[in-house]
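J.: Here is how the chains run, residue by residue.
Protein chains: 6
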Amino acid sequence: MAKLLTEYKDTEHIDSFSLIKSADIRLTKTGKTYLNLIFSDRSGDLPGNLWDATDEQTKSLVPGKIVKLQGVRGAYQDKPQVQITNVRLSEAGEPDNPADFMIHAPIKEEEMNDELSDFILMITNPTWNRLVRKLFSIYHDQFLRYPAAKSNHHAFAGGLAFHSLSIAKLSRNLANQYPQLNSELLIAGALLHDLGKTIELSGPIATQYTISGNLIGHITLIDEQIVLAAHELHFDLQSEEMVLIRHVVLAHHGLLEYGSPVRPAVMEAEVLHQLDEIDAGIQMMTAALDKTDKNTFSDRIFGLDNRRFYKTSE
Amino acid sequence: MAKLLTEYKDTEHIDSFSLIKSADIRLTKTGKTYLNLIFSDRSGDLPGNLWDATDEQTKSLVPGKIVKLQGVRGAYQDKPQVQITNVRLSEAGEPDNPADFMIHAPIKEEEMNDELSDFILMITNPTWNRLVRKLFSIYHDQFLRYPAAKSNHHAFAGGLAFHSLSIAKLSRNLANQYPQLNSELLIAGALLHDLGKTIELSGPIATQYTISGNLIGHITLIDEQIVLAAHELHFDLQSEEMVLIRHVVLAHHGLLEYGSPVRPAVMEAEVLHQLDEIDAGIQMMTAALDKTDKNTFSDRIFGLDNRRFYKTSE
Amino acid sequence: MAKLLTEYKDTEHIDSFSLIKSADIRLTKTGKTYLNLIFSDRSGDLPGNLWDATDEQTKSLVPGKIVKLQGVRGAYQDKPQVQITNVRLSEAGEPDNPADFMIHAPIKEEEMNDELSDFILMITNPTWNRLVRKLFSIYHDQFLRYPAAKSNHHAFAGGLAFHSLSIAKLSRNLANQYPQLNSELLIAGALLHDLGKTIELSGPIATQYTISGNLIGHITLIDEQIVLAAHELHFDLQSEEMVLIRHVVLAHHGLLEYGSPVRPAVMEAEVLHQLDEIDAGIQMMTAALDKTDKNTFSDRIFGLDNRRFYKTSE
Amino acid sequence: MAKLLTEYKDTEHIDSFSLIKSADIRLTKTGKTYLNLIFSDRSGDLPGNLWDATDEQTKSLVPGKIVKLQGVRGAYQDKPQVQITNVRLSEAGEPDNPADFMIHAPIKEEEMNDELSDFILMITNPTWNRLVRKLFSIYHDQFLRYPAAKSNHHAFAGGLAFHSLSIAKLSRNLANQYPQLNSELLIAGALLHDLGKTIELSGPIATQYTISGNLIGHITLIDEQIVLAAHELHFDLQSEEMVLIRHVVLAHHGLLEYGSPVRPAVMEAEVLHQLDEIDAGIQMMTAALDKTDKNTFSDRIFGLDNRRFYKTSE
Amino acid sequence: MAKLLTEYKDTEHIDSFSLIKSADIRLTKTGKTYLNLIFSDRSGDLPGNLWDATDEQTKSLVPGKIVKLQGVRGAYQDKPQVQITNVRLSEAGEPDNPADFMIHAPIKEEEMNDELSDFILMITNPTWNRLVRKLFSIYHDQFLRYPAAKSNHHAFAGGLAFHSLSIAKLSRNLANQYPQLNSELLIAGALLHDLGKTIELSGPIATQYTISGNLIGHITLIDEQIVLAAHELHFDLQSEEMVLIRHVVLAHHGLLEYGSPVRPAVMEAEVLHQLDEIDAGIQMMTAALDKTDKNTFSDRIFGLDNRRFYKTSE
Amino acid sequence: MAKLLTEYKDTEHIDSFSLIKSADIRLTKTGKTYLNLIFSDRSGDLPGNLWDATDEQTKSLVPGKIVKLQGVRGAYQDKPQVQITNVRLSEAGEPDNPADFMIHAPIKEEEMNDELSDFILMITNPTWNRLVRKLFSIYHDQFLRYPAAKSNHHAFAGGLAFHSLSIAKLSRNLANQYPQLNSELLIAGALLHDLGKTIELSGPIATQYTISGNLIGHITLIDEQIVLAAHELHFDLQSEEMVLIRHVVLAHHGLLEYGSPVRPAVMEAEVLHQLDEIDAGIQMMTAALDKTDKNTFSDRIFGLDNRRFYKTSE
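Residue numbers (the UniProt record's numbering), protein chains in the order written: chain H, 1 to 314; chain Y, 1 to 314; chain L, 1 to 314; chain W, 1 to 314; chain E, 1 to 314; chain C, 1 to 314.
Bear in mind the hints are in silico, worked out from the structure with no lab data behind them.
Don't take each hint at face value.
Identical copies go unnamed one by one, so any copy, or any two together, can satisfy a pair.
To be verified - Below, a list of computed lysine-lysine pairs in the DSSO-like style, where the Cα atoms sit at most 27 Å apart:
(1) LYS32 / LYS9
(2) LYS21 / LYS294
(3) LYS59 / LYS134
(4) LYS59 / LYS9
(5) LYS294 / LYS59
(6) LYS150 / LYS79
(7) LYS68 / LYS9
(8) LYS3 / LYS32
(9) LYS32 / LYS291
(10) LYS21 / LYS32
(11) LYS291 / LYS3
(12) LYS32 / LYS68
Please construct the entire structure, taking both the sequences and the accompanying hints into account.
T.: Put into structure tokens, the structure is as follows:
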């Protein structure tokens with residue numbers, strides 16, 4: 001079986017199918033145009049430049065296309081790249097499904113779907129149960145397929161569900177150890193807290209921020225959806241249950257500086273925020289250390305104050 | 001005509017009707033109970049202690065009641081107080097309307113109502129016009145009677161309208177000087193930006209934060225009302241007009257640290273935030289300097305980084 | 001059975017045995033001396049003043065003594081206090097063991113001892129296992145009896161063990177969900193991270209900071225003990241295992257500003273820090289909400305940025 | 001009529017007169033020298049490299065010269081540049097006045113001069129009037145021609161006057177709405193607040209900081225000039241009028257962190273600071289949005305916390 | 001010889017002459033007036049209340065008067081105070097010079113005067129020498145008698161000279177160890193840096209901020225005096241020597257946040273700032289530790305980030 | 001005699017022996033490999049690229065080798081570089097000792113050794129004397145040869161001793177001026193404070209952080225060595241002398257944010273921190289100004305908040 005893009009070592013010959021993730025026409029210092037491409041498959045990304053791109057290549061080699069790529073693995077300013085010797089669109093009988101070349105959550109979609117159903121069943125409070133079911137009747141598919149972010153943590157297809165379900169598991173375990181916590185409120189909050197990302201972001205491929213994502217933000221966007229769902233379900237927005245679920249979701253960034261309009265002021269809100277940080281942190285460290293040699297330090301991790309983490313010998 | 005409460009000088013005899021703003025039963029250091037009262041009229045507050053309150057007095061002298069107060073103006077730790085010689089409920093034929101004893105905006109309610117109508121007429125964009133009219137059909141009376149804050153700036157009856165209309169005037173003038181500004185968006189934003197305070201606060205008398213005020217906050221609460229109004233008017237939440245008006249309102253605190261979930265990213269949002277700061281700042285400085293002697297410094301103003309301001313000689 | 005000190009309501013008569021936690025001779029504004037006492041039992045504290053203390057009372061009513069206290073529950077500046085009518089030392093046949101009047105961890109000492117043994121057994125790495133056992137051979141008893149802090153979170157007898165074991169449990173569960181984490185390093189770190197408090201603090205009663213606690217601090221003090229233990233066990237301080245366990249303990253405050261000399265740079269160090277925050281946070285919120293009425297806000301919690309938390313209706 | 005430099009689209013042929021703003025001799029990675037030029041006209045800047053500059057070209061193509069430029073508009077790392085095909089000095093009969101190629105304030109110098117006179121007339125307080133007239137008798141011409149900054153806001157010829165007069169207009173309008181403000185103090189402050197820039201900066205072309213600009217700063221430099229002018233006018237530096245005008249100017253950056261040696265402590269000082277921020281902010285946003293396509297975001301604006309602003313569709 | 005005020009122990013009888021530093025008429029909680037007095041001598045302060053002050057006492061016991069004080073040393077809220085039994089104005093033949101009751105610099109005025117002359121002689125650069133001599137021809141006496149601050153460090157008569165000369169000594173020694181430093185610039189800066197305090201503060205007794213002290217500040221006030229002196233001496237303000245000496249003085253607070261309008265950008269400016277911090281720090285620590293028992297911690301020192309310092313056993 | 005590397009001017013021919021400080025194989029934008037070299041001698045560094053390196057060159061031109069370098073001095077992006085025409089390893093009879101090509105402290109090693117002995121003799125307190133001697137019996141040679149940092153201040157061979165002894169001199173002088181300071185504690189602290197750098201850093205050539213340097217840090221590493229030395233000398237870790245010397249060393253970074261686990265809480269600790277800042281600051285400014293032309297500003301100095309410093313004309 002063919003090697004994946006990030007498995008090639010320096011100077012190795014690459015011969016592989018991959019997805020074009022981005023394609024930019026650029027100018028060399030001396031004024032010639034060339035094509036800067038980023039190839040990807042489910043192992044990650046590899047950039048490369050096509051120095052004498054024909055007009056036809058410039059037109060056909062666009063994001064979303066599957067190509068057969070040949071070249072040599074090199075490095076530029078310490079970053080891996082491919083020196084392209086040949087690149088062409090995939091042909092009939094060759095791989096052609098972009099989804100096969102995207103990074104996915106480490107758990108299958110069906111499995112995540114089952115977990116989602118199980119967690120919803122654990123919410124026996126009728127207000128929260130109906131509210132969650134109403135919202136997942138609309139956003140079910142996006143929840144399972146969207147990334148949890150444009151870059152940073154869980155920035156892969158299915159990342160949103162993987163992250164949210166992971167926090168739901170942490171919530172369930174924590175409520176076992178600390179019975180003073182309301183596990184239903186925690187689980188409902190875990191499932192809903194980042195659901196606004198499905199409106200904030202453009203989708204799982206070539207993910208961008210939408211205009212309302214930029215100008216309103218995912219926290220207010222999911223609050224909007226909660227308000228509209230409650231309106232349709234004829235729930236009283238001033239009831240304690242509605243105020244609590246909105247608060248838990250609104251406050252999940254923990255600090256105003258991070259975009260929450262209120263700081264956690266209910267025990268479950270504080271805890272949900274901390275679990276969010278733990279899961280995001282572990283995912284970022286794991287992803288960074290996966291690319292790091294033993295006994296060395298990872299690249300700096302933006303989402304963790306630009307710290308570098310040490311990979312131990314075992 | 002009787003003097004107002006804050007007009008009495010030290011050692012002067014007080015004989016005046018006033019409103020009981022708060023009444024707390026307290027303990028002296030040696031263990032005796034007494035009644036700590038705050039009296040107020042439209043000139044401000046004056047505290048005083050009733051050292052040997054009877055059971056009947058404890059029951060009848062409660063917040064909201066009008067009383068006839070007699071005593072001597074003194075001071076305790078540099079703060080004015082009244083040494084009470086007599087206090088009783090107002091009787092038939094004497095003043096009995098609490099509203100007559102509250103601090104009000106310096107402009108009459110009818111005049112503010114007229115100004116509000118004028119400004120709404122200036123908004124010719126149909127989306128914003130209908131949205132604003134829809135919301136004022138619900139919150140018209142509260143807008144004219146609520147304070148703009150529990151304490152801090154414009155914390156008096158009618159303060160919300162006085163503050164909002166003042167910003168609308170600044171907006172109109174600014175848009176004249178800088179034609180690149182959209183005056184309709186600015187005016188609509190000025191009228192709506194603090195309207196969530198009518199849900200966040202309990203009302204004009206003995207103002208407290210409501211539960212949803214504390215846990216959700218006035219910025220998200222007015223966004224909720226905008227969303228529901230747009231839903232009823234069948235407006236598309238993704239339209240540029242809806243995104244802009246929501247953004248301008250959401251971003252009006254300027255910084256995430258001050259509770260806006262997004263920072264201003266549209267010119268009018270940045271400007272509305274700055275006008276809000278100017279009007280609030282001038283109101284706080286004016287109120288503090290009104291109580292300050294010439295050629296001395298005011299008390300520290302909490303909302304202006306605890307600065308003291310100098311009152312000039314003319 | 002007699003009521004506990006914090007169970008009395010305002011104006012109720014108190015007749016109770018309690019421990020004198022502190023006793024200060026003070027001066028009234030008019031220059032008379034009196035005795036300011038803080039009484040406590042396992043429900044909490046209650047202050048009171050003895051206005052005409054005899055010389056004999058001043059000498060005998062000292063911290064650590066058990067007394068029979070009679071008086072009336074009142075309040076001074078909204079804080080509960082007792083108006084003392086009578087107070088005398090406990091006599092023969094009456095309660096006389098201070099330990100019976102102290103607040104304790106909610107789990108029994110023996111149970112915590114068993115949990116400690118179980119967790120040590122889970123550490124199969126010989127370096128960490130021998131190191132942990134060596135240190136607990138010295139600090140075993142203090143670990144089970146010290147508080148985790150002078151004030152703030154887990155400031156009660158047994159708090160250190162209760163807090164450390166709680167984090168060990170969180171560690172074990174987390175390592176189940178995230179197999180990329182080294183559970184043995186996490187558990188060893190959980191058990192050792194605050195053990196320096198046994199040198200930093202004076203003990204479980206009338207807890208004070210020691211001189212080395214103030215000038216060196218518990219983080220460096222436990223590092224000192226780890227270094228000396230490793231020296232005696234002939235471990236190489238430059239070995240990865242020794243560097244890792246020291247790093248995890250040194251970095252557990254997360255930020256330099258909070259007194260860690262290094263920030264977490266190993267995945268388990270970051271996670272241990274976050275679990276420490278979660279357990280401390282839940283304990284502080286739980287303690288504050290225990291004293292709060294439903295549908296109201298708690299007092300401000302110093303260790304959580306002075307936030308107040310809302311107690312829900314169920 | 002010829003297009004302006006910034007009006008050319010990618011790949012268009014440029015044939016245009018322009019001013020050389022800067023010219024640096026540089027080295028390619030492989031060690032050859034080339035000439036890096038920045039061309040400008042009243043529409044803005046365009047950089048370009050002359051790869052095989054002759055010695056004569058290196059000597060003659062220097063800042064301040066007008067050249068005839070021919071080439072193709074391209075881009076390098078997303079920034080527009082020109083691929084030069086030909087560049088030569090302008091000849092007899094062709095444009096040769098650098099002032100024609102500089103960006104200017106949108107209002108004519110004479111008009112600004114009239115406005116200045118009008119505002120000075122509004123200052124009837126004799127101390128402030130004579131002080132302002134004394135200073136403008138010295139700095140009149142520089143006031144009208146200097147930029148308001150080296151880069152950032154109003155960094156164009158005449159920017160200082162344009163900015164100062166704009167704030168004077170805002171001051172006049174604000175004092176109308178809030179009669180508690182002293183409009184003369186505000187207007188005098190508006191005219192003087194940035195006048196020290198005429199000493200801090202080297203001039204309107206190729207603007208640099210002077211040594212005293214760097215080591216003393218424009219705020220202290222204008223205070224120095226005010227002190228010397230007052231000295232010559234035999235004004236008492238301890239008079240309230242002199243203290244106030246100096247305070248208003250010294251405090252106009254609002255925060256110590258921004259270089260004011262005192263924070264605003266007089267109402268007019270606080271307001272002048274806020275108007276300064278509003279005018280600078282609007283100018284920066286306007287300049288950035290002028291270069292931005294509709295429905296997209298501007299470049300980051302350094303002077304506004306690196307925020308990007310959205311350009312609406314109309 | 002009579003004990004000094006701060007040398008009395010608790011319960012000791014006081015019989016002593018002292019200076020009245022402040023005298024306020026206050027109200028007890030139950031509404032009676034009393035006289036709150038602060039007595040002082042060269043050992044420090046002692047407050048006390050005169051509970052039944054006659055009208056004559058209220059009029060005669062005013063700040064600046066010397067009194068014969070009798071009473072008992074007690075404490076109120078852990079702070080020493082005197083319970084007054086008798087207090088009367090000093091009579092003929094008794095002490096009557098306020099200066100004898102003020103805290104002074106530990107070095108005699110004449111000695112400081114000699115040191116000042118010596119340091120001025122070390123400045124051989126004619127510009128700086130003449131400038132310094134010009135300014136000391138005006139401010140010589142105030143320099144020797146003013147405190148260096150209202151409270152905080154060197155807040156005693158002669159503190160300004162004591163502090164400035166101490167920094168001059170540090171400067172001389174430092175320039176010996178680091179010959180790259182210009183010792184004349186350092187010494188001139190040391191002598192002038194705080195001289196503006198003679199305008200900022202009202203004088204050595206009952207020290208207050210003046211209006212120009214509050215609104216302009218001592219840094220700009222000494223710059224003003226330097227500018228005027230240079231003007232009279234016909235020095236060029238743009239000469240390097242004038243720019244340097246002004247910069248060194250303007251920048252001596254080190255950070256903009258601390259009120260310097262520019263940060264140090266010349267080596268001597270950076271060093272002067274650091275020496276200022278060292279001398280102020282040592283003085284504050286010394287003063288605090290003088291009042292602290294061995295093996296305990298001092299009170300918190302405001303000017304050192306509210307830290308407490310430990311007094312060692314020898 | 002041959003010129004040193006940093007003495008060559010632009011376009012001059014270089015013919016010189018130098019040390020290879022680093023050698024990296026890199027890729028050009030068009031995919032060819034080349035060798036990026038940094039040459040150095042005791043005047044500083046000079047980078048250069050070998051565009052067509054043979055395999056043999058790639059293998060032999062490695063860090064630590066002495067080479068004969070020929071080429072032309074040029075510049076790339078304003079930074080000096082050499083355009084290499086020839087480079088070969090030094091041969092028999094030519095220079096071959098790397099130490100001759102390293103930057104050294106401006107004082108000879110023997111002289112620093114003598115100073116060290118003198119300072120140790122000044123410490124007459126037996127605990128501190130024996131402790132310091134014990135530690136220098138182990139780290140004597142590294143102390144004299146290590147740099148004080150990887151980059152930043154005193155980043156040259158012998159920098160650690162040069163910096164530590166310089167602070168010891170400042171300490172001795174300061175204790176003369178302020179007799180309240182314990183000079184022995186200050187000197188012992190000065191000698192030990194950075195000694196942990198000998199464990200934190202890899203050595204004087206091609207200096208890197210060690211693993212324990214990164215994960216434990218030099219402050220805790222020297223504390224570890226002090227603890228072990230005290231253990232061997234049978235000193236009581238709870239004695240005041242041991243607590244003080246550890247505190248002074250632990251607190252020398254002054255702020256928690258800078259990595260000290262405790263803030264200075266003893267006078268000598270505060271002073272040692274300030275002297276450390278002064279010596280480091282002067283060294284950084286001196287080094288930067290050595291490379292700066294008169295009447296211009298230095299490059300930004302990272303360790304001094306990125307400030308640039310002005311070099312005066314004499």
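J.: With reference to the structure, classify each hint as holding or not holding.
T.: Each hint, compared with the structure:
{"no.": "1", "hint": "LYS32 / LYS9", "verdict": "between (30 Å within a copy, 17 Å between copies)"}
{"no.": "2", "hint": "LYS21 / LYS294", "verdict": "between (30 Å within a copy, 26 Å between copies)"}
{"no.": "3", "hint": "LYS59 / LYS134", "verdict": "neither (44 Å within a copy, 50 Å between copies)"}
{"no.": "4", "hint": "LYS59 / LYS9", "verdict": "between (31 Å within a copy, 20 Å between copies)"}
{"no.": "5", "hint": "LYS294 / LYS59", "verdict": "between (43 Å within a copy, 25 Å between copies)"}
{"no.": "6", "hint": "LYS150 / LYS79", "verdict": "both (21 Å within a copy, 24 Å between copies)"}
{"no.": "7", "hint": "LYS68 / LYS9", "verdict": "within (19 Å within a copy, 34 Å between copies)"}
{"no.": "8", "hint": "LYS3 / LYS32", "verdict": "between (33 Å within a copy, 25 Å between copies)"}
{"no.": "9", "hint": "LYS32 / LYS291", "verdict": "between (34 Å within a copy, 25 Å between copies)"}
{"no.": "10", "hint": "LYS21 / LYS32", "verdict": "both (23 Å within a copy, 25 Å between copies)"}
{"no.": "11", "hint": "LYS291 / LYS3", "verdict": "within (16 Å within a copy, 46 Å between copies)"}
{"no.": "12", "hint": "LYS32 / LYS68", "verdict": "both (25 Å within a copy, 23 Å between copies)"}
When held up to the earlier numbered hints, the structure conflicts with hint 3 and nothing else.
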